[in-house]
Structures are given as structure tokens and as C-alpha cells.
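Q: Listed in order, the protein sequences are those of chains A and B.
If you read the first sequence in the working numbering, its first letter stands for residue 618, the second for the next number, and so on.
If you read the second sequence in the working numbering, its first letter stands for residue 618, the second for the next number, and so on.
The hints are simulated quantities; they were obtained by calculation from the structure and are not laboratory data.
Built from N, CA and C at the ideal position, the CB exists for glycine as well.
Wrong hints could be hidden among the right ones.
Claimed, not checked - Cross-link-like lysine-lysine pairs, in silico, DSSO-like; alpha carbons within 27 Å at most:
#, chain 1, residue 1, chain 2, residue 2
1, B, Lys1241, A, Lys882
2, B, Lys1022, B, Lys1337
3, B, Lys664, B, Lys899
4, B, Lys1105, B, Lys1120
5, A, Lys1337, B, Lys1241
6, A, Lys1241, B, Lys882
7, B, Lys654, B, Lys689
8, B, Lys1241, A, Lys1043
9, A, Lys1241, B, Lys1022
10, B, Lys1043, A, Lys1043
11, A, Lys1124, B, Lys1043
12, B, Lys1241, A, Lys1355
13, A, Lys1022, B, Lys1241
14, A, Lys1111, A, Lys1101
15, A, Lys1384, B, Lys819
16, A, Lys1043, B, Lys1124
17, A, Lys689, A, Lys654
18, A, Lys1043, A, Lys1022
19, B, Lys980, A, Lys882
20, A, Lys726, A, Lys848
21, A, Lys1337, A, Lys1022
22, B, Lys899, B, Lys1397
23, B, Lys820, A, Lys1384
24, B, Lys882, B, Lys1397
25, B, Lys1384, A, Lys819
26, B, Lys1337, A, Lys1241
27, A, Lys689, A, Lys664
28, B, Lys819, B, Lys848
29, A, Lys1384, A, Lys1397
30, B, Lys1124, B, Lys1111
31, A, Lys820, B, Lys1384
32, B, Lys1043, A, Lys1241
33, B, Lys899, B, Lys850
34, B, Lys882, A, Lys980
35, B, Lys1111, B, Lys1101
36, B, Lys1124, B, Lys1022
37, B, Lys1355, A, Lys1241
As the list claims (entries may be wrong) - Partial chain A-side listing against chain B, Cβ under 7 Å, derived:
#, residue
38, Phe983
39, Ser1238
40, Lys1241
Number of protein chains: 2
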Amino acid sequence: MISSFVGSGLWRTARAYQIYGANTNVGKTVVSTILCKAIPSRQPDEKLWFLKPVSTGPLDDADDRHISRYAKGISTRCLYQFDDPVSPHLAARTKLCPPDSEILEAISKTLNNWAQQGPGIALVETAGGVLSPGPNGSLQADLYRPLRLPVVLVGDSRLGGVSASISAYESLSIRGYDVEGVIVFEDQYYQNHGYLRDFFHKKGVQLYTLPQPPGKGSRHDSIAALLDELKIKHQLRVERLDSMTTRAHETIWYPFTQHHGMTPKNITVIDSAHDDCFQTLKSDANSTIDQTSHAGSELLQPTFDGSASWWTQGLGHGNPELALTSAYAAGRYGHVMFAGNIHEPALTLAELLLDATQNPRLKKVFYTDNGSTGMEVAVKMALRAAAGRYGWDASAETVSIIGLKGSYHGDTIGVMDCSEPSTYNKRVEWYRGRGYWFDFPKVQMSKGIWSITIPEEMKASLGSDVEFPSLSAIFNLQARQDSKLAQKYRSYIKTTLDDLVAKQGMKFGALIIEPIILGAGGMLFSDPLFQQSLIQVIRENPRIFTQSSNPSPSSPSTNWSSLPIVFDEVFTGLYRLGRRTAASFLQTHPDIVVNAKLLTGGLVPLCTTLASNEIFQAFDSPHKHDALLHGHSYTANALGCSVAVSSVRTMMDMEDSGYWRGYSRDWDEQGTQQGESPVVDAGGPAVWSTWSQGLVRDLSFAAEVESIFALGTVLSITLKDSQGGGGYTSTAASGLQKQLTAGQNGFNVHSRVLGNVLYLMASVTSKAETLSRIEGLLRKALL
Amino acid sequence: MISSFVGSGLWRTARAYQIYGANTNVGKTVVSTILCKAIPSRQPDEKLWFLKPVSTGPLDDADDRHISRYAKGISTRCLYQFDDPVSPHLAARTKLCPPDSEILEAISKTLNNWAQQGPGIALVETAGGVLSPGPNGSLQADLYRPLRLPVVLVGDSRLGGVSASISAYESLSIRGYDVEGVIVFEDQYYQNHGYLRDFFHKKGVQLYTLPQPPGKGSRHDSIAALLDELKIKHQLRVERLDSMTTRAHETIWYPFTQHHGMTPKNITVIDSAHDDCFQTLKSDANSTIDQTSHAGSELLQPTFDGSASWWTQGLGHGNPELALTSAYAAGRYGHVMFAGNIHEPALTLAELLLDATQNPRLKKVFYTDNGSTGMEVAVKMALRAAAGRYGWDASAETVSIIGLKGSYHGDTIGVMDCSEPSTYNKRVEWYRGRGYWFDFPKVQMSKGIWSITIPEEMKASLGSDVEFPSLSAIFNLQARQDSKLAQKYRSYIKTTLDDLVAKQGMKFGALIIEPIILGAGGMLFSDPLFQQSLIQVIRENPRIFTQSSNPSPSSPSTNWSSLPIVFDEVFTGLYRLGRRTAASFLQTHPDIVVNAKLLTGGLVPLCTTLASNEIFQAFDSPHKHDALLHGHSYTANALGCSVAVSSVRTMMDMEDSGYWRGYSRDWDEQGTQQGESPVVDAGGPAVWSTWSQGLVRDLSFAAEVESIFALGTVLSITLKDSQGGGGYTSTAASGLQKQLTAGQNGFNVHSRVLGNVLYLMASVTSKAETLSRIEGLLRKALL
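Chain A extracted, bound-state conformation (with noise of 0.2 Å):
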């Protein structure tokens, strides 16, 4: 995908069309033309403005030079002129063509200077049809996304030009096009615009036709029509992108969101996604550049999702490969309930995450619908494989789980209740928190030096915090097993366990955590090695957890001992920690997993609980009622198993080919000291971020950074809160938000907050252009 960070071209008073053609030669430039001559008598009060990005053929045939010699009065440009008449990407090869992003923004340029002269028009004309390439490759609908002007379609009035049309529409529409009209010229014989015209209408687009030849004198009621029509629906479009923010206010119930003292200018408005970018309206309540806003200054600006889309964006809003194969699914099946049923993209995805997941324990695959669903099936997989083999009648007993503090796996009452209780969910009335929480060692940055910092009620069993030459050599677990430090946590686990269970009476029925990051209760980051530990110790002594004196009988190395392991992989899982699973980092192979996020590579919900055989057994039964119960109406729907079986084969390939190398060296060459050899496994170096090592090290000396982490596509930093505590209620961190939301050059920054840290998190795809930019706002803002 194109990467920009252009502006989609809408203004208030100036308008901006893109002429596609349902083919070539179909008259485009007769179209352009004729709109041209028509628009100075319809619309007067408008300039005219046309633009041919890219020309090929003889000069003198030129486009624009053709319209400025029939409509008078006209600005017309040509950015970049070749003398062949073949496709630009032929054409190209013979002259020096700048890259495709430059391309683009040149043409946002013209256009916003053309709109800074009044109301007007723009007619941007394309070459061949509309997925004919650009100098560079591209397609040519690709090449222009970006900047998604509203498309008159010139459709083809020849033979077969009805699937001609229709299809050049249809490939408009899934790259997130909108066409506002079609022009075809009236062919008696073919008749292309009777069918086109029913076609469209239905579709809620208008056909306007032209008589063939288009000679002088010949009526342009038609080309009227279509003119009045952009207009009303330009107005509609700035009006109902002006209303949005109230109207949402009105009728939305936001997800998380405290919505007392929140008004309308709290919304953003988001017109179209594409890339790393959201394209948003500006409003002067969150914009300061744009203080001297007026009628031909841009409505839209493209606005970094600093996110991830709730951690969810992989491969790029807007995906075309990835509209295309959720269209393919659609269109295969729609959807396939699946109790007693098979079809192709749930099989192919299950085989490939067994595959990718390299964990021998992984057996069975479950699907549902989001993180928090996977994360209740996996409670109650884990819950019935421990009390079928401890033997508990758990509708009597309170059996509990093991936690991390600060954990979260999810908004539904069950998966709540796997987590400590806290100000936020002690307020839902049905949560009632059932397990124990380990607080736990955290790594992080601070003045340049890597450390695991001890929370201070651990400090008497674990001593003081550690600091390390780099975050390899944190990860270098292999190295820190005979640490006294990690003496120091198995002791620590194993008594505070014994205690609950032996002396508190207590009954476990699982360990629940998420590897490495902790997102949601404020990235947390964990050292690896206490999460190591704690697995360890419980799987080594299963004696803790029964009175039995032979808890354990001889088994295969792929069942659960002690306690089935769980690891909610949602939010760390397939490369947002830059790894294909959490798991890889702490060398451990979990009984299960749940992944979901980028599981779809930022498109739909989907999700999925993978589980060890010995799991699946703990529901065999000749009574259904002993069966999992657990489904979805959309379990495992083609559409979301289609997309995912993309994306993780897209990331897949991605690592194989060694896409982040540029970023995992950054990290390998800076971070390795002298002596220390960096902890790497077949596929490169462990530990890598998109965001680069200078600027990790750079922001930690900041004043008002506390500490900060980089690690995969996440970059997470404390700010220092004056008012101390930190945590959800800081507000220590809504500054630098606002200031990335301020922007600068034409862009901004969307960013999430939890509490005093503010995070950003880029797409599996995003190029280190895109980021340096970022990471120019942020040294503008901290240092």
C-alpha cells in the first residue's frame, strides 16, 4: 500500500472530482470537456480547475491542453507528461518518474491551491480505466486512494460495456470509492444506458447520458443535471460530516467512556481510513493548526492511528487484498453455522495456527468472536479439566484462578471475574472476583538505562531492582535461570502458593496471563522471567495443589501438569510484540492460547482458543450436557476465518522474508554490549521494535518521562504525575496526547491513554518513514 500523509481532498467551498473511465477510450476527455464548457453557464459563480496527473502520448494531444483550448478560462495542469501513448507504467520506463507517495502529493498541492482561490472545481483526470497502472505500477485506483476524491464514472457505451462498467464500478467501490454519478454516452443499438441507468439507480447512483457524436448545439440537460447533483451532494456530504459530532453524541453509547461533562467536540469524525492513517475532520476544538481555518482551507487531514484501532491494525486500513477476501468469502458462502459442518477457511485457519504456533500441547481450535468470548472458553476449559481431575464439584465450591495484578482479558461478567477486584470492575454488579493476584517485577527504560524495577511490597523477598546493559539481555532467559534473582522468585511463588492453598484453603483451577504485556492495565510490562518462573513453579510441584500423594500419574510431556496454563495472547500474540506468539519469549508452550486482534489484520472480529488434547478430553462424555457449551451464531463465519487465514499468512511471510530487518537491526546493533551476544533463535534476533532504539533512549532523559519501553509495533511511556499514584485517574498524560493531536506539516496523532502512560502502536506494515515522522512530533513534544 501507498503510505501518505495526504489530506482526502474536500473542502468547503472548492470541489475536487476524479474522472475514472469504465475503460479506455471511452471518452473521458470528451466527458471532462464537455463538463468544462458546461460549468461556467450552470454553476458561474465557480473557477474551473483541471488536472492530468499523468499524460502519456504526444504532447500535442495532451489532455490538458485539449480541454484548455475548448474551455476558456480554465487552469489546467499536467504533472507529469510521457511522450508514449501505452499505459503510464510502460511509459514511465523511459523517464525518471518520482515515487507514487510523491505523486500524490503533489497532486494534494495543486488541488489545495487551487482551492485557496474560491469556490471552483477540480476535474482530476485519470488514464485508461480505472485499474490501469500508474507510472510506478500501482493501480491506478490504489495510486489515487489516498486522496479518495469522489469519482465521476464515464462508463462504456460499446459492446460489452455494460460488464465493463459495472466492473470498473465494482472495483471502485472495494477500494472505499464513492462514485457520485455515471456518465455514458446513448448508443440506439446497444443501449448500454437503458440497463446502466436501471442498474445504477438502484444502487443509488444516478446515470446521465450524452448523445453520440457530442457535436455543438447538442443538449446538455443531462450534463446540467449531473452538475446540480455534485453540488447538492458535495453540500450534503460537508453538512452531514458538520452534524456527525452532535448527531453521535445524541444516539451513541460509547464503549469505555465516562460520558458526563463530554460534549460533542470530544468526537472525531472519521470520513475514511487508509494505511497508518485516518482521514479526520478538523475542527478547531482539536486541531491548532488550523486556527486560520477558512472555506479553502482542507476539512480532512490525515491523522496517524497511534492505536493500532485498539491494537487491533496490522496490515493497513483499507486493505485492498484484504476487502477482496472478505468480499470472496462473502460472496462464497455469506455465512455456514458450523456445529457438524466444514468449510475451507475455518479448516485452513485452524491447520495454520496449529502450525504456526510451534507449541507440540496444541491440538484443537475453538472458535468465537472476540478476545473476551475466547477468553470465557478458555475459563471453562481450563476450570473443567482441573475439577474433573481434582475431582471438585465446583457448583459447590468457589474454584479460583491465578492472576497477575493489573490483568484484564475482557469485558464479559465470567473473564471479569478473573481479575482483581479494582475500583472499575467492582462497580459491575454481577463481578465477583474469584482468584489471586501475583503482583509482579516490571521492565523498563528510565535515563538510559534498562532496569526490572521491584514493586516495594516485593522488595523484602526479591530484593532491589536489577539494571541490565539492554532488553536482550533481559530476554536472555537462558543466562538468567541460575540468577539469584530468579532463586529469589520460585521461592517467593512457591511459598506465597503453598500458603494459599495449604493454610487459606484455597482451590485453583488454572494460571491466566498475558505474556509479556500487560495492554489494557496500563502496559505492564513483566519481566520474562518472573512469568517464567511462576509457570515453572507451579508446573514442577503440582503437590501444591492437591493433598493427593500422586497428584501427577506418568504422562505424556504434552499434558497439564498441576494447573492447565493459559495464555491470553489476544492483545501480544502474532507480532504485535514483533513475534509470532507471546509465548516464544518465555520458552514455554502454554495448554492454551487465545488469540484475536490481529488475528484479522485489523478488519473483523474474530477469535480463537486453541487447546492441548488432554483439555479436550476433560468434556468426552456419552452426555452432551458434558460437552463444551459454548457458540456463536457467527462461529468461525467464512468471512472472518477467510481474512485471518490472509493476514497470518501475510505476517507469516512477512517474518520469512525478512521484512522488519531494517527495525530488528536498529535493535541488534545498538542494544548488544560488548561481550553480550544477543539472544536470537532461527528467526533473527528476539527482540526488536518499529520504534527506533535512539528514540527510546533519547525520550527516557526526557523531564517529564518517567520510564518508557519500546518492543514490537509498541512504544509505551510513563509521564512523571505530579499529583502522584499514577494509574487510570492521572491525567498526567493527556499533554503529550494533546499536543500529538495538535499535529504539525498537515497531520497529527491519534493516541490512547491509560492513565499516566500514553501509548503508540503501529501497524505490522508501517514504514520507517511513516514512523520517523511520528517520531519527530514526539521529540518536538518531549525533549
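Put chain B on the given structure of chain A with help from the hints.
A: Quick look at chain B alone, frame taken from chain A:
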């Protein structure tokens, strides 16, 4: 969409390909000729067939004649010939043309006859471009879609041909076609083949080129390679289909399924779906019609989706409109994180739903991913509102809900707790039912008589069963308001509630019901008067629920009284029962309503929880932690919301246009007795079904049938259970289910069973011809 019962042409040895052209005049027939000439030498054991379903132009030019002239030993056929060399839909004007379904059946029959002859290849050539209209005006790719033949696409080598070829490919893809190879002529000037080769290679599709002009003696290595690949792809496809049940059995953990004793034979392979039918892989295990299975018989057969894919299916599988809508949203947005943002589809859907429900109480829309999570939100909403008004500390005391026996609200643990304890949910370790559940009188027809049956334990209070002249009469709540039964209902309900609160000290936070039909509980059809009475008694007696002398300060009529009333319309809403809302049957305005399933017309998961302003205000506070703590990653994802807008609007338009008039007339005429006026509202008769009243009446006399009912798209048949009891453990319905699976005349029926209840569910678009076939099968099985 074209409704048809043809199989998707697939045979073990014979193969059929559809030759589509990227445009007209790209050389489809030349390619077909070359293929036909090449096949005998490359694949000498294969027979050769050529089918031109629809041909336009003078008879002499007809492609089938052309082919037979150049390729020897070939069987050719043209089904419909029109003389005018124009698009078939124009040519057909002058000649009588059979409907699309007949054309499809003729093609299917021809191909099947050929396939009987042994190994061979059939080429099915199309006319014009992929979306050129067929003789009845349907786009060709839509017309032939039920066959879903693998496609050989002939690309366009001319100027603009890159665009035309890729657009054509995209139009085929979004209709669920598999393009198995692309052929294009080499043009050294435009070099489309070079670009297209790279492009299609990335999609996993190989491009084959032909020299131009393809004179005698030109090398056809490329064609030989294509033929080899087609053969291999066919083998792989069949092998994969053959292996899918085994592999699914190995990897998939099915929802709601006891895997004990399950074998691969219990799994149905679904290759694709279209309109009301799946295309299922035939197997000796689940098909009796294929006893004489041999290599020439069809592998796939149309299977009516009798559970409407778990009650989700509304607008037909593989609906091209929904596919394009979903792709547009994917292309325009991808996903947009929703907290603090607004985008067009989410806002439009919220406004549409608030408007559509015609419930003045509902003002706010909360989005989640499925019925279960939407109900969790409803529970959180209702309990907070009640606990707030009554001053309960819900962390210390148990607040319960009032519900109905047999209710079901999803599988997340929180909403499982809203259902009464049973052998099922008690197996879930964390299940803790929190409520009181009323048993209730049920509607059914038996031996031609509609009646309300009173549960045994309630007879002392409510009297014995009551007969009614028609289903409409049961729904005439105005007439029934003052009946003896209504008085008994109210008195029984009030006494019961008084006892629970005053004597047993229970605290209630909500009434939660599935209006009219409790689906998962076994298609329990509640007497609407009982549900209406329950709500009336609760709302009119706020003092039951609190000791306060002034429990309900004077307040607007849109405020809740006594308890928030929650309607779970996940299954029953949005026309599933023939009306836009199930609430309208009860002439009641709930305070909270949950919709899902049909919301997206049978494509992707999405759920909305609509609530009153007063419920919303219960979360208003200066503290963030008082907000409604709920949100999923893909909350209000643009794809789901866009599809939902399209689905809901389509269904509302169907209602407005009287699409179901034929069905409602059937129920109106026969159901309304002399002197009784049917319950009507502005939109027409209140009570009707897509299943004929005659069928319901006739089956109600069947020896095996205990009772039956139909409402909207739902038909529910309760079978006599000789082992007694009925319920989930019954196997009484499995005999009928087997007979439907066996099918007849080349199609069969997928159905789901709930204990001794077998139900069938139509789409809202199901056509009378389709359903009458299914009715025929039911009559054959039961009468």
C-alpha cells in the same frame, strides 16, 4: 438472487470450466477452440464437450458450430440461440426466453449427462464480459453463480486491458468464483501479459499467454501447461474435499458438540453456499440418493439451509449486494477504533435502528459483537439502573433477575447466570444462576386446533388448556385483555412476585425475556398474553420491589417503572417472526433491546443493545469508573455496521413493498374465521408465516407429530417421544432429520434438532417455490 436447486458442477473424473472474458471480443472463442484442439493430444483419455448456454448473433457464426468445425470428436451444444449480435438481454426481447432457474437446470442437466460418459472436459462459454447481462437481464456472473464452475478467464490484451482484466477478476472474486487460470494474447506493444503475469502470480493464479495471431503451427506450450494445471487443481480440490471431514475431526473443537463417539462421517463438508442452499459434499454416510455413486455422479448437491445458519440467514447466502457492501467498508475504513470516534456506518445504523423500533423509550445504541456480549451489556445496564434507584450495594448482596423457564441469552458466563439452572449450565464451573424463572403457558397447534397449553404445575392457578380459532386470535391481545385467563395470569404473577420479594427477601434488578419464542430452549412459543401480563404487573406494581413508600417519583413515561424491562430479540427480532420487532407482538415498549443474528442479514457478527435515556443516565458521574465498562476491539466495526445498514434497510424496504404479501394472505384468508377480525396494524396482518398454513394444519394431524407451529420464517415440529419427557436428550426428532438429510430429486435439507423438536427456518427472501419443495419433503416424511 436466482433461486435454484442445481448442484455446483463437480465430478470425480469429468470436469467443467466456465470461460469468462475480461471484455467482449477478447478472443474467448479462439481460446476455447485452441483448448479444444489441444486437449486431445495433451489429455487423450478425456472426452471433450463444449457448451454455449446462450448465443447471440447469426446462426452461422454460432460459437458451438465454429468449435465443432475446428475441433474434431467434440460434442457441442447451444441451449439458447438469438440472432441479434447484441447483449443477450436485448436479443432475448424478440424471442421467448425461459427463466434463469430453467437455464441453470438445463446447463446442469447437460453437464451431468456428459459427465456420465466418463472422464472429460466441458467448456462452458459465456457471452460478452463477465458482467454482461444474460437473457433475463441478470448479470452473467450472477446468473451462473449457483453452478460456481471453476473459471478460465480470458484477459484483454488491448490498450486498457490490464484494467479490464483485473476488474473482471475482481467482479468474479466478489461473487465467490475461483479463477483457476488466466489466458491472454501476447501483445508486444502494450505488454499487458507481462504486468498481468506478475499481478496474478501474487494472487496464486497463473497467467498463460498465446501468440497473436494464433495461427497454425504456433507453439502452444502455454496451453499445455494450463491444461496440466487445471487437471492438477481439480485433483487437489477433490482430494481436499475428500479429506476435509477427517482433518476437521482432527483439529476442530465444535461449538455445542459432544465429540464422544463422533466420527468424520458426522461432519458435513460445505463447499459453498448460494441463496437458501449450501453446496454439500455427498457421502454414502449421509445420503441415500447416492447409493449408486460412481465417478460420473455429482459430488456436490444443493442442501437447503434449514436452520438459516443458526437463525442468522436473511438475505441469502453469497448475496452479491452484501459482499460488495462489506468490501466497500473494508476498502474505505478497514476498522476504526470506536471510543471517542464516529464514522458513517456506525452512526447511520444507530439512527436507523432507533427509528425502526418505533419505541419512544430507546435513545442510545451500544455496540458489541454477538448476542451473548450484547446481553452482558444489557445485564450491566439494567442492574446498575436498579441498584442505583434502590440503593443496593451489589458487591455485597445478590441482585437477581426475573426470567422465564427455558430461557437462553448466550454462552458467556454472565448471561448464563440469567438462565435457570439445568443439566446444561450447571456443568459450567463458574455458573451461578441468579434469578427466578416463571414457567409459562405455550402456544401450539395439535390436530388442527390452536391452543394455549398450561403447564401442569400452573393448572391449579390458571385452569386448563384453552383452544383458539386461529393463531391471529391468540395474538389479539386487546380482545384478550379482559378475559378470565388474563386476570388469572396477573393474579398469579403478582402473588408469586410478592412472595419472592416480601417473604423470600429476593432483590430483583431486571425482567429479561425473549419475547414470543424462546429459541434455544426448544422453540418454546409463549402465550403473548402471559408475557404482556408479566410486564404489566411489574410496571404497575413498583411497590413489590421496594419497601419505600414512594418508590417511583413522578417521571416521564419513557422512564422505567419497577424494573428495567430487557427484551432479548437476538433471535426473534428484525423480521425473524415476520415483524420488525418482536416487541410489537406484545404492544410493549421495553427499556433495553438487544438485536443480533439477522441484523447483518447472515454475514458477520454484530450486536446492538438499545437503551433508554434513563438507563444511560444511571452511568453518569464525574468518575470514569462509573462508566459502562464494556467494549470490544472491533466494537462497531465499519464492515459489520455497513452490512447491517444494508440488511436492515433491505428488509424494511421488503416490508414496505409488500414482499411477503403472498405469505400473509395465505394466513389471513385461511386463518380468519367468520366474524373474527384479524389483528392488523398499518403494515398488514400481524401474524403470518413463510410456511403455509395448510402444511401446518396437515402436519398437526400426523401420527408422529405431537404439536406444531409456524410464525414468520420459523416452523417448529414437536415429535412424540415414546421414551417420554422430550427435552434435549430426546432422540425422537432424529428420524425425521435423517429423512430430510436423505432428500429427493437431487436436493436435501440440513436441519437442527432441539431434543424432540425439529425446526426449519427460511430466509426472509426465501421464495414460495423453494419452500414448497421443502414442504413436499416434509409431507412425504410425515404424512
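Q: Compare the structure with the hints numbered earlier in the document and write down the numbers of the violated ones, lowest to highest.
A: none
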